[in-house]
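Undergrad: Work the whole structure out from these sequences, hints included.
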Amino acid sequence: MKFLIVVQGGPYTSQASLSAWHFARAVLTRGHEIYRIFFYHDGVYNANGLLSPPQDEVNLHEAWRLLAVENDLELVICVASALRRGILDQTEASRYEKPLGNVEAPFIISGLGQLIDGTINADRTMTFGS
Amino acid sequence: MILHTLNKSPDHPALNRCAGFISDGDCLILIEDGVYCAATNDSSTLNNLLLREIPVFCLQADVEARGLLNRLNPAVQLIDYEGFVTLSTEQTKSKRWG
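Protein chains in written order, with this note's numbering: chain A, 20 to 149; chain B, 125 to 222.
No lab work stands behind these hints: they were computed from the structure.
C-beta: ideal position from N, C-alpha, C; glycine also.
One or more hints might be untrue.
[Claimed, not checked] Partial selection, computed: residues in chain A whose CB lies under 10 Å from chain B:
1. Phe22
2. Val25
3. Ser33
4. Ala35
5. Gly148
TA: Here it is as C-alpha cells:
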C-alpha cells in the first residue's frame, strides 16, 4: 500500500515531525511504500539544513535526510510555506538576492500540486500537525 | 471507515469535536498529548465513545513518555507505530483532530 505523509509541524516546536518520522519508518518496516512526504506550514522548517541541535539530541533534519537517502524517498516542501519562513534553496536564494540558501537534496521545493497528486495517487494519506 | 488521530489533551476542544463526528465502524488513535484523554477518570467523552463500541487506541511510546502506563482506562488498547500503520491500512481514510 502507498502512503502520503503530510508534516505540518516544525521540529522542536511540536511533536508532529518526530511522530511523522516514526510513522514513516514503521510504514517501511511493515513493507509498504511511501509515495511522498510533503512538508507544509511550519513543517517546512524540517528542511532547514542549518539546524544545529546539540549532538546528544535528535536531529530531525538529519533523520529525515537519512531516511530519504536510504529509502529513495521524495521529501517535498511547499514553496509558499517555505519562502515566507526563510526556507530557500540556492536557486530561490539567488532569485530573492539572499546571501545563502538552506535547503538541499533530498529536500525539494515544490508546490501544492504535489500534495494533491499525492492524495490522488497514494492509497492512504496520514497528516501530522502541531 | 475513518481512522481518527487526535493529539491534544482533554482540555482542548478537539476530543469533543472528534466525538461529535465519529461514526460506527470508525476508530480513534490517541497520540502525543492526546494520550492524556485516556487517563483514568479523566474523560466522560472518551467513556461515551467506548460505550458506543468505538475502538480506541493509544500509542504506547507516547503513553510511556508521559508516565501514564498505569493510569490508563483499561478499555483503551496500546499499540506501537507498526500497529498504527496497520490501523491506517484497515481503515479507508484518516482524519486528524488537533
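Undergrad: For the hint on A/Val25, just tell me whether its beta-carbon gets within less than 10 Å of chain B.
TA: 9 Å, holds
Undergrad: Tell me if A/Ser33 is really an interface residue toward chain B, meaning its C-beta lies closer than 10 Å to one of theirs.
TA: Result: holds, 8 Å to nearest chain B Cβ.
Undergrad: Can the hint on A/Phe22 be confirmed by a CB-to-CB distance to chain B that is less than 10 Å?
TA: 8 Å, holds
Undergrad: Minimum Cβ distance from A/Gly148 to chain B below 10 Å?
TA: 6 Å, holds
Undergrad: Just to be careful: measuring from the Cβ of A/Ala35 to every Cβ in chain B, is the smallest value less than 10 Å?
TA: Hint holds; A/Ala35 Cβ to chain B Cβ min 8 Å, cut 10 Å.
The structure fails none of the hints (numbered hints given earlier).
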